[in-house]
Every structure is written in structure tokens, then in C-alpha cells.
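Student: Residue numbers (this note's numbering), protein chains in the order written: chain A, 22 to 469; chain B, 22 to 469.
If you are wondering where the hints come from, they were derived from the structure by calculation, not from laboratory data.
Treat the hints loosely; a few may be bogus.
No distinction is drawn between identical chains; accordingly, a pair holds when it is met within one copy or between any pair of copies.
[Unchecked claim] DSS-like mimics (lysine-lysine), calculated; alpha carbons at most 27 angstroms apart, straight line:
hint, residue 1, residue 2
1, Lys396, Lys352
2, Lys441, Lys352
3, Lys44, Lys467
4, Lys108, Lys216
5, Lys432, Lys403
6, Lys56, Lys80
7, Lys383, Lys352
8, Lys383, Lys80
9, Lys432, Lys396
10, Lys467, Lys432
11, Lys44, Lys403
12, Lys441, Lys44
13, Lys396, Lys44
2 protein chains.
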Amino acid sequence: MPRRIVIVGAHAAGVDAAAAARKTDRTAEITLMTKQKHAGYSPCGIPFALGGHIPSFEKLVVFPPSFFRMMKLNLLLETTATNIDTKNKTVEIEDKTGKQETLQYGSLIIATGAYPFVPPIKGREKQGIQVLRTIEDGKKIDQAIANGVKAPVVMGAGLIGLETAVALQERGLRTTVVELLPQILPAMLDADMAKNVQEMLQEKGINIMVSKGVEEFLGTDKVTGIIAGGEQINSDLIIAAFGIRANTELAKKAGIAIGETRGIKTSMRMETNVKDVYAAGDCVESINMVTQRPTLCQLGTTAVKQAKVAGINAAGGYAVFNGVLGSSVTKFFDTEIGVTGLTEFFAKKAGLETVVGRITSKTRPEYYPGGLSIKIKIVVEKESQRLVGAQIIGGEQVTQRINALSFAIQKQMTVRELAKADTAYAPPLNETWEPMVLAAEMALRKLR
Amino acid sequence: MPRRIVIVGAHAAGVDAAAAARKTDRTAEITLMTKQKHAGYSPCGIPFALGGHIPSFEKLVVFPPSFFRMMKLNLLLETTATNIDTKNKTVEIEDKTGKQETLQYGSLIIATGAYPFVPPIKGREKQGIQVLRTIEDGKKIDQAIANGVKAPVVMGAGLIGLETAVALQERGLRTTVVELLPQILPAMLDADMAKNVQEMLQEKGINIMVSKGVEEFLGTDKVTGIIAGGEQINSDLIIAAFGIRANTELAKKAGIAIGETRGIKTSMRMETNVKDVYAAGDCVESINMVTQRPTLCQLGTTAVKQAKVAGINAAGGYAVFNGVLGSSVTKFFDTEIGVTGLTEFFAKKAGLETVVGRITSKTRPEYYPGGLSIKIKIVVEKESQRLVGAQIIGGEQVTQRINALSFAIQKQMTVRELAKADTAYAPPLNETWEPMVLAAEMALRKLR
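Chain A on its own, in the form it takes in the complex (with noise of 0.2 angstroms):
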């Protein structure tokens, strides 16, 4: 009899874990489901859909359904599942229609996801809080958009409500943005960084408020406005992008671990606590590479990378997930932003003693025309001298630094081994001196 595979789940964790196995195990039967319209979409390129820069919301759909037909993946869309019996390895789905259905597995990957979180705030109740986290919630502001909308409030400064405020504001709307914390991108780039960046966004016409609370949902039955900070804010737009919370309930609710960090506990190989139960992407905790502990890194290359291993051993393979980084850019208008490893905040959040190394460089010589301002700030280990983070802010090629960094980190180099490292010049591409050395001379000079 051939193996069963049950995935909840068909985004970027569920397919990649569906393909996974489907490469392990040619003659397994694999079944994936979503609560959605549409499955293997990039939910990362949904605020880029709504600045105009992609042509529509149904090119991120990356696996068509010619894709399952193809890979022979049995794919339920608009399906829930409803509750898993560990005991006797059987899940219950119900489709859109109210139909239940009760699937035998051999192996099971809980790929769930993750939900954008709403602060118990007065008010919550009110109808018309937007999120943006599937294509019809980008949809629907588009929507709102094509409606006539003049001041949209996006609530939270993190990555997907800045890049939704930086889209509205691309699409002409003068776009306020309310946080909580006293800067921008907190989960990634220290103060002095985030500082540049909010600079940047203020000049390009977005209203940042940072450290004011949002305290109050105005309106009837729908949302009008908010208080923050004890200011009325009316809009005609509200998104909340306080930030996203690992969906563990159904996996709660059949007795699977659940870590510190709200996020399913996994062995190496991607495991539950449950035998031959598998978790990945938004909804798992990993391991951070540095610190050694658990962290929520709810990231599409995190996400894939989890769902291939959780494939493959789900489909009778073996393979070791190694942990993360936390390797992370995006781009604001024409500035690319990117992290990797620990910032300076967190690191001694963890304990660590550290010196930081900081450059201002350009991205090509002086003499040639074109070069873009590059900032680069990184994090050392000062007992060790080792490189535990890395922030850029730059013009362009900041993605490729950041895995550079992310390379050395993940080898342990130290920052005498990056101040001598040897790198690539061309006149129309770099510097003589890469700004990444320069950045570990400057730390090195404080650990002298």
C-alpha cells in the first residue's frame, strides 16, 4: 500500500513540503489543503502587487494547478482541517460547502501558517479593521483604493506594515503609520539604523508616529478612526500590521508541543513531539544559529527550507534542519534593507557582550558615475571576536551583502578573518575596499 501523506496546509511551506516528498516517494499519496481560494501564492509579494510593481494579484499564484496535476498532489482548496487523532492517524477536513471528511495518514506536516495578531484594543469588535496577509485581503484594499480612499492608517511599523504603507503611498495616498515602540522595524534593525530609514520614509510623504500606542477603535458598527496616543486619527482605511502569531490551535488541540515562543516545538529533522507528525514555516519555533535558542523566524526562505526536510522524512527520507539566521532584506522605494544574525539590541538581550562596526561607503568608486550610499553596521562577539549580526541600508547589492554576512556568521568568522577577507572589485560594481571590510576594521579598533 502505498504511504499516505496529509499536509495542512498549501502555501509556501505546504507545497515545497508536498514536492519534497513527492521527490522522496514517487508512489506516495499526497494530499494538501488550505482554508483558501487560491494555494502556492507568495504572500511576500502582495504589498509589491498593491505599489503597482507586479501586474496583478494572480501572478504571485507561483504553482499553478497545472504544477499539483503534474507532481500528482491531491490539492483541497477552501478546505479546514478541523481536528487530528495522533492516535489513530486520522485528520478531519470540511469544505466550504459544510462537507466533512475524515483522511487516514502514515505521515502528517502541519504547515498552518501564521495570523496577523490584533491587540486586545478597545473597539476590536468594529467591522473594517483590514489585515494583509492573503491575496484577497490585498485585493480588498485595492479595492479600497479604486474606491476612493484619501488617508489610510497603517497600525505597526514592522516589516508588512511598512511595506503596505510605502505601496499606499506609491499609489498616491498620503499614508500615516502609528508604533508603538520609539522606532520602526524594531524586530529588525537597531535604533540608530531604523532611524535612517524612518528619515527616508518621512521624506518620500509618510507620516510615521512612533511610540504611541493605539488605545481606542472609533466608529459604530464600522471603524472611522483610532486614538493613538491620546491623538483622534480619522481614516477611511485602517490596516492592522501589529504583527503575526503562529497558528498552533489545531495542533494545541491534539496534544502537540508548543514552545516558548508560541511556535510548535520540532527535533532536527522537523518532528513533533508526536511520531510521525511534522510541522514547518510560520507556525514552527526554530533554533537560532548564534544564540542557540529558540526563536519565531516566520520567513518564506525559513518557511521552504523547514518544508523540504519535513518532506523528505515524511516521505521516508532523512534530512537535518540546521537552524537560522534570520536573513531578511526588503526595499522602500529605491532603498534596500537587510539584516542577518543578531542586532545589537538583541544580542545583549541574550547576554552577549558586544562592540558594533559601523561604515558609510559608497557602492562604486568616486570616479564613476552612479555609486549609491551603502550603510553598514555589525555586530561582534567580544570575548570570541566573532560576527553575530549584520544591518545594511543601501542603494543596491545590500540582498547578496547580507548573505556574505550571513555565510561568515553561520562559519563562525571572526572579525579580523572579515577585515582580510578577499573580495571582488570592478570599477562599475565596487569599491577598491569592500565596505564589508572597512565595517570590521572599524569594530576591530575597538576591541584593540
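Go by the hints and put chain B onto chain A.
Tutor: Below, chain B alone, put in the same frame as chain A:
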């Protein structure tokens, strides 16, 4: 009495050595000299100035006279070092008027660079065989173009030869390149990768003839053509880009040891076999970090790094140079080309058993407009599974991927670690599955 430091050479290595010496010893008397009219300019920029990307050749002067004044460096232009007496610690110099002088030194740094080499081909003595090494060379070719040159020929399809050919083609000339070996860029790329670049250059209109040795220079006094592979090619501008040779005559005459690569041998501190005599840049040999064998790595990035170490040590400080990986990039039209570590060819030549991983991917997701093709080849040592080299050809984002793989090689990353590395992604900036990671996957398949 202040320390006396004499530096023979005032370009990439000479100037960076002088600057490092000054930072190490604020009171030293530092003298540096060059045969040329200009000091402290970027020779790497010359082909790009010729191609019209940089407004003038003068822009290439990175260190203006004010820099030498500010750093209190005694700069002698159009001055030649004719003899070194290592016993009495003196250098004899001669200026353009023929005036001679003897300089006393406490420390000496030899940064004599390299010269463009023309093989002993019949007719080599004829006038008008043009090289491209100095600003003056660049201006001469620029003038020839202004005078109406029609059909230039470049002999040699190395980096300088092709950068020059691209510049000539960009200036509207129908350019021919003649190469003795069966492929272009033989020191940089394997034949399979070079083929892609050759096709692109041919599509841009450059006439490339490989496997054709130059057999004779034609003309009475002045060269008017060549015979290559039995074929006569008439040309009004004949450029020799056969390669460069380390300038070691002065060092040899002074009894300083030369290595098997014909570069000056140095210690990790960049000291020659003679006490207090240092050397740096294109005239020295380096240790390849992978093979641990001597190599000539005549790159600007290597020169400035070695020079810094030489300058610090010459001024009484302490610094070491770790060796090279030969990381190098360039841009031909809209294509970026890069290498780090060993090619498959050179790895085999060094006795390594290897497998390779090749991938062709894109720089953005399919759904995000503007993504460009990128081709990566990695070379992996079979037993250790360590990455030992990489070559990349792409429309963008090549340089920092080369740096990332250089860090990986330096830190002895295995291909398995690379296949699981934590990489960064956002729709406008990269694919979810980083192409370097995919190349590692391809290599892993051959190791299973």
C-alpha cells in the same frame, strides 16, 4: 631621528603602503616615487574611461596632490629607482632631467607593479604596438579613436584585453580579438562558462578568434597588421593584451629572492628575504588559500591589502597577510562576470578531485518584472566536500555573490552547509531559493 621609509611605486600598492605607514608612525619621513606623470590613480578604471563611462582620464586620480600633502608624503613624479643597496640601505633614483640622488632608508617597500608583456613574435620591434596600462596609454588610444581609427585588433582575451575590446566596441568601432588559447578569459573561467561570455560578446558585434596565435607583426617601421593563425589581419590600431609580468628587475639586481611564479617572495608580513625590505602588489607572489601554493594574484584589491600590511610593518607595527582567493569581477556591456577560488581546470591542475554544481536561475521571482538571468558554477573538493571555487555570469548581483562564496571558501564551508545556508529574499531583490544554494544542491547530487 625619524624613521625613513622609501617606497618604490606610487599607485595602488605604493600609495596604500604609504598611507598605512603614516597611520602607524606619525613622525616617519616617507618618500614614494613613480616613473609616471600621475600617481595614485586607478588603472582598473582605464578601459571604462575609454568606453565613455567615466567622464575623463583625470577623474581616475583617486589620490590628488592634496592627499600627499595632508599625509605628509614626499611624492616624486617621473622618477625612477635605478638601484637598491641593501647593505648600506640606500636607493639610487633618477628624475626626468637625468639628475641622480641617493636616498637612505630604514625600511624599503618595493611596489614596482607589473608591465604588459609582448611575446617574442617576429616584428615585435616595430613601432605602434599599443599597450593599455597607464593613463597615457589610455589617452593614446582615445586620441587614435578621435583620429578616425576603423578596425582595431586586440591581442589577448584576458580581462584587460576584453575590457578594452568592449570599450572600443562601445565607441562604435568594429573590434577583433585574437586569442591563442581555445577560450576567452582562460585565467578566470572554465571553458563551459567562457563560452557563454564569448557568445554574448559576439552578439554585441565583437569579432572573436580563439585558438589563433599571433605569428607576425606586419609593416615597414610602423605595425600595420598581424598574421594570426595563418590569416593576415590589417589594422590601424593594434593593442597588445597578452598579459602582465611582475616588475622584478630592480629587486633581482639587489639580490632579493624571486619565487617560482616569477614574483617577489615575501613572508606573511610582506617582508622579502632581505631584512627591512618589503614588497606588495603586482610584483609579488601570494599564497593561494585553497592550494597553499604560491600564485600570482595581480589584482587591485590584493595590492591594497598587501600594501597596508607592508606599510604597517615597515613603520614598526605588526600585521600579516593571509593569502588570496583571486576574487575578481568585471562588467562587459550589461553582463557581470565573477570568479573566486579555483576554477575546475585549475583545481584539477592542482591535483584536486572535484565535482561541480551548475545552475541557471533568475535574480527575481518569475512574477516580479525585471529579473535577469544568472548562471553559477561551483567547484567542490570531493573528499572534504568543501567549496573550493565559484564562477558567476549574470545580469546583476554577481559581485556580492562572489564575495559571499569567497567568505564560504575562506571559512571552509562544505557544499552541504551551503545547500542549507540561511539566505535573504524579497520579491524585488531575489528568488526564494537563492541560486547559490541551488548550485550547491546540484553538486550534492554528484556526491551521493
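Student: Run through the hints listed earlier and report the numbers of any the structure violates, in increasing order.
Tutor: Number 4 only.
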